[in-house]
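J.: This is what each chain is made of:
Number of protein chains: 2
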Amino acid sequence: MKNFDYCNPTRIVFGKGSISRLPELIPSGSKVLMLYGGGSIKRNGVYEQVVSAASGFEMVEFGGIEPNPAHETCLQAIEKCRRENVNFILAVGGGSVLDAAKYIAAALKTDCTDPWEILTGEAEVNSAVPLAGILTLPATGSESNGNSVISKRSTKEKRAFGSPHVYPKFSILDPETTFSLPQKQVRNGVVDAFVHVCEQYMCRTGESRLQDRFAEGILQTLIEIGPDTIKDSTDYDKRADFMWSATMALNMLINQGVTQDWSTHMIGHELTAFYGVAHAESLAIVLPGVWRFALEHKGNKLAQYGKRIWGVSTPQEAIDKTEQFFQSVEMPVRLSDYEIDADEAAAKISERFRQRKSVFGEDGLIQADTVGDILLSRA
Amino acid sequence: MKNFDYCNPTRIVFGKGSISRLPELIPSGSKVLMLYGGGSIKRNGVYEQVVSAASGFEMVEFGGIEPNPAHETCLQAIEKCRRENVNFILAVGGGSVLDAAKYIAAALKTDCTDPWEILTGEAEVNSAVPLAGILTLPATGSESNGNSVISKRSTKEKRAFGSPHVYPKFSILDPETTFSLPQKQVRNGVVDAFVHVCEQYMCRTGESRLQDRFAEGILQTLIEIGPDTIKDSTDYDKRADFMWSATMALNMLINQGVTQDWSTHMIGHELTAFYGVAHAESLAIVLPGVWRFALEHKGNKLAQYGKRIWGVSTPQEAIDKTEQFFQSVEMPVRLSDYEIDADEAAAKISERFRQRKSVFGEDGLIQADTVGDILLSRA
Numbered sequence: 001m002k003n004f005d006y007c008n009p010t011r012i013v014f015g016k017g018s019i020s021r022l023p024e025l026i027p028s029g030s031k032v033l034m035l036y037g038g039g040s041i042k043r044n045g046v047y048e049q050v051v052s053a054a055s056g057f058e059m060v061e062f063g064g065i066e067p068n069p070a071h072e073t074c075l076q077a078i079e080k081c082r083r084e085n086v087n088f089i090l091a092v093g094g095g096s097v098l099d100a101a102k103y104i105a106a107a108l109k110t111d112c113t114d115p116w117e118i119l120t121g122e123a124e125v126n127s128a129v130p131l132a133g134i135l136t137l138p139a140t141g142s143e144s145n146g147n148s149v150i151s152k153r154s155t156k157e158k159r160a161f162g163s164p165h166v167y168p169k170f171s172i173l174d175p176e177t178t179f180s181l182p183q184k185q186v187r188n189g190v191v192d193a194f195v196h197v198c199e200q201y202m203c204r205t206g207e208s209r210l211q212d213r214f215a216e217g218i219l220q221t222l223i224e225i226g227p228d229t230i231k232d233s234t235d236y237d238k239r240a241d242f243m244w245s246a247t248m249a250l251n252m253l254i255n256q257g258v259t260q261d262w263s264t265h266m267i268g269h270e271l272t273a274f275y276g277v278a279h280a281e282s283l284a285i286v287l288p289g290v291w292r293f294a295l296e297h298k299g300n301k302l303a304q305y306g307k308r309i310w311g312v313s314t315p316q317e318a319i320d321k322t323e324q325f326f327q328s329v330e331m332p333v334r335l336s337d338y339e340i341d342a343d344e345a346a347a348k349i350s351e352r353f354r355q356r357k358s359v360f361g362e363d364g365l366i367q368a369d370t371v372g373d374i375l376l377s378r379a
Numbered sequence: 001m002k003n004f005d006y007c008n009p010t011r012i013v014f015g016k017g018s019i020s021r022l023p024e025l026i027p028s029g030s031k032v033l034m035l036y037g038g039g040s041i042k043r044n045g046v047y048e049q050v051v052s053a054a055s056g057f058e059m060v061e062f063g064g065i066e067p068n069p070a071h072e073t074c075l076q077a078i079e080k081c082r083r084e085n086v087n088f089i090l091a092v093g094g095g096s097v098l099d100a101a102k103y104i105a106a107a108l109k110t111d112c113t114d115p116w117e118i119l120t121g122e123a124e125v126n127s128a129v130p131l132a133g134i135l136t137l138p139a140t141g142s143e144s145n146g147n148s149v150i151s152k153r154s155t156k157e158k159r160a161f162g163s164p165h166v167y168p169k170f171s172i173l174d175p176e177t178t179f180s181l182p183q184k185q186v187r188n189g190v191v192d193a194f195v196h197v198c199e200q201y202m203c204r205t206g207e208s209r210l211q212d213r214f215a216e217g218i219l220q221t222l223i224e225i226g227p228d229t230i231k232d233s234t235d236y237d238k239r240a241d242f243m244w245s246a247t248m249a250l251n252m253l254i255n256q257g258v259t260q261d262w263s264t265h266m267i268g269h270e271l272t273a274f275y276g277v278a279h280a281e282s283l284a285i286v287l288p289g290v291w292r293f294a295l296e297h298k299g300n301k302l303a304q305y306g307k308r309i310w311g312v313s314t315p316q317e318a319i320d321k322t323e324q325f326f327q328s329v330e331m332p333v334r335l336s337d338y339e340i341d342a343d344e345a346a347a348k349i350s351e352r353f354r355q356r357k358s359v360f361g362e363d364g365l366i367q368a369d370t371v372g373d374i375l376l377s378r379a
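These protein sequence lines are chains A and B, in that order. When you number the first sequence by the UniProt record's numbering, it's gap-free, plus one each residue, and the end is 379. When you number the second sequence by the UniProt record's numbering, it's gap-free, plus one each residue, and the end is 379.
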């Protein structure tokens, strides 16, 4: 096992009815910004639950955070927080709203001319306005980590930052708030969580037997309950297992002490930036391609995964099974399913990585040319 | 899944050489009490590592915390802390030293005539002196939770308390500090961690698929590396997996949202109090007896455990396999192995529970008479 330094201070308040606990969770005297997305929380009753539970606090609202939250929108929210002297941010929604809240919270306390410098690494985050989450879409794990991904619409850039200062103080996870989600979003969440685990797990064998078992446990759970919870939103226990799996998939536990990959995400981000496919959709396209490309390099771990998760004996079968799992939840796995021209995507995205001189993945296995080959294989 | 409220703020600094990071971890200006046990840290070099790394801090020492730490000894340490104006406690050792540190830290900030009131529940812990750990004996998980077990020698009582205020601020886990441990202590640690998981796992099925998988993952890891790491102390990776498994076994993660049991611990504590058998030794005696007694009640979960962990098909075989695992690491499983008279033990311990009107275990299945029967079955 590699050395590691792990702390996750986010308090998880899990279960039905948990939103009613807001009064004991938000520091007294807070001036709260309630941040949310496209308004689904106004249709499913979550908005009313939050407003009612937090009625003892002075609160202002900012709605309209979009999927793949835009830097440009966040700038408006930052302005509003300054104007209103907000000192606590309550993100109500999915990973996008959480990510936006972190960016806004950090920007309010970071010395920079343009907050985008936080994303480029030019500005250092040394403090942030305290924030918390009420999660309504299990997928990204953002409710229990210090990471944020923000997109700049003007340049079609998608960048990430991380800081211990933007871990949510608490996150409320009530599976019932997810009952009204469209099937497609639940499907995306299942696949997103699945691939998050894979990025942290599918590297060399033997670095940590326990971290491997934890990762495998999340995968097994997602496989076991994923198809059912997509179809039947009101099975509380399965939805609860899904919600908790998505959090554990990216709360920085399973990656401690082990090598990670993340090349599927690197390539997927560009597919989203250029073609607008949803984050999870991009991952389902890319992952089998990365694994087939790295078949030899990751052979031992693919074999372990195949044996323990799918009961198959070869790395190739393990990849096939994974692709079939995505298809079993009606997740497309090919560029052509979105009418994306593979030649064009390969050319554009490999060119972008060439310009950035990007080298990534386990042992730097993936470079610009590799990305082109991988995307061509996903036509 | 049941509702839960989970937060583990302890920072884990894991890996070889980590003690050297003390200067960045202890708050500057702290007056530190270095608390330790019987002096093994002076023989294996850990004492020198700590003193050297913490040379920038004003530090006083208190040695002599015993296994099953004594209230009486802790009183002396509390007195010393008061005299020396200590404002940070650094526990260097195993679970006993950590537990003592928590008791001392809480007592220093709790309004009571006798700190023992913290253990009886008469005094409430609302604050504590900050504490941290350098773990040298993986077993109890105390390095990453808010629990403490203290014994009163004068009355042969063993009591526990828990508080969010006594979570260590950080714990350093360097597997190399455990290389010099006697085999017997490593064996005890493996069994202790194993039984901790069982107490949180072996209840009803289906409450949380993910928590089950995590618990099973720890058990599988302990089974896989336990026998080897007991025999070969210098295999770093296996020792690291053992150390991390013991922490994860009782850092309050795997019990969230699920029913727990803990009757093996309740009965084991009394065996330790009356007969002085080590904590883990008491657990290995009691666990198979509790499970056989609860064979019908826990049948479904025993079957799941047997199938997933041991590849056997009946609850009875699953229990047999567990007993055989203990024996494979040379852990005795019978009262007679310690020359304890089962009739006497059954009478004394069931009488104590009768006086206390104790009812415990999953669904209150265990009462005074049951305890007698269980102990008789472990003759």
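Each hint should be verified, as a subset may be incorrect.
Chain copies aren't distinguished; within one or between two, either way the pair holds.
[To be verified] Capping the alpha-carbon separation at 30 Å, the derived lysine-lysine pairs in BS3-like fashion look like this:
no., residue 1, residue 2
1, K80, K158
2, K231, K321
3, K2, K348
4, K158, K357
5, K231, K2
6, K307, K42
7, K80, K348
8, K321, K80
9, K109, K169
10, K307, K321
11, K184, K42
12, K109, K348
13, K42, K2
14, K231, K307
15, K321, K169
16, K169, K2
17, K2, K184
18, K80, K231
19, K16, K80
20, K184, K156
21, K152, K2
Derived from the structure by calculation, the hints contain no laboratory data.
J.: Now tell me if each hint is right for this structure.
T.: Hints versus structure:
Taking identical chains as interchangeable, the C-alpha atoms of K80 and K158 lie at most 30 Å apart only when both belong to the same chain, with a minimum of 24 Å there against 57 Å between chains. For the identical chains of this complex, K231 and K321 are intra-copy neighbours only, at 21 Å inside a copy versus 39 Å across copies, given an alpha-carbon limit of 30 Å. Taking the shortest Cα distances, K2 and K348 never come within 30 Å of each other, neither inside one copy (37 Å) nor across copies (49 Å). Taking the closest pair of Cα atoms, K158 and K357 come within 30 Å of each other only inside a single copy of the chain (17 Å); across copies the shortest separation is 63 Å, beyond that limit.
In this assembly of identical chains, K231 and K2 lie within 30 Å of each other by CA distance solely across copies; the values are 23 Å between and 40 Å within a copy. Proximity of K307 and K42 under a CA criterion of 30 Å is satisfied in neither setting, with 45 Å inside one chain copy and 46 Å between copies. In the homo-oligomer, the alpha carbons of K80 and K348 never lie at most 30 Å apart, since the shortest distance is 37 Å inside one protomer and 69 Å across protomers. Within a single copy, K321 and K80 get their C-alpha atoms no closer than 48 Å, and across copies no closer than 63 Å, so neither meets the 30 Å cut-off.
Taking the closest pair of Cα atoms, K109 and K169 come within 30 Å of each other both inside a single copy (16 Å) and across two copies (25 Å). Taking identical chains as interchangeable, the C-alpha atoms of K307 and K321 lie at most 30 Å apart whether they share a chain (11 Å) or sit on different chains (23 Å). Only within a single protomer do K184 and K42 lie at most 30 Å apart by alpha-carbon distance; the minimum there is 20 Å, versus 61 Å between protomers. For the homomeric pair K109 and K348, neither the shortest alpha-carbon distance inside one copy (37 Å) nor that between copies (63 Å) is at most 30 Å.
Proximity of K42 to K2 under the C-alpha cut-off of 30 Å is restricted to the inter-copy arrangement: shortest distance 27 Å between copies versus 46 Å within a copy. In this homomeric assembly, K231 and K307 come within 30 Å of each other (Cα to Cα) both inside a single copy, at 28 Å, and across copies, at 29 Å. In this assembly of identical chains, K321 and K169 lie within 30 Å of each other by CA distance neither inside one copy nor across copies; the values are 39 Å within and 43 Å between. In the homo-oligomer, the alpha carbons of K169 and K2 lie at most 30 Å apart both inside one protomer (28 Å) and across protomers (22 Å), since each shortest distance falls under that limit.
In this homomeric assembly, K2 and K184 come within 30 Å of each other (Cα to Cα) only across copies, at 27 Å, whereas the closest approach inside a single copy is 38 Å. Taking the closest pair of Cα atoms, K80 and K231 never come within 30 Å of each other, the shortest separation being 40 Å inside a single copy and 63 Å across copies. For the identical chains of this complex, K16 and K80 are neighbours neither inside a copy (32 Å) nor across copies (48 Å), given an alpha-carbon limit of 30 Å. In this homomeric assembly, K184 and K156 come within 30 Å of each other (Cα to Cα) only inside a single copy, at 24 Å, whereas the closest approach across copies is 61 Å.
Proximity of K152 and K2 under a CA criterion of 30 Å is satisfied in neither setting, with 35 Å inside one chain copy and 41 Å between copies.
The earlier numbered hints that this structure contradicts are 3, 6, 7, 8, 12, 15, 18, 19, 21.
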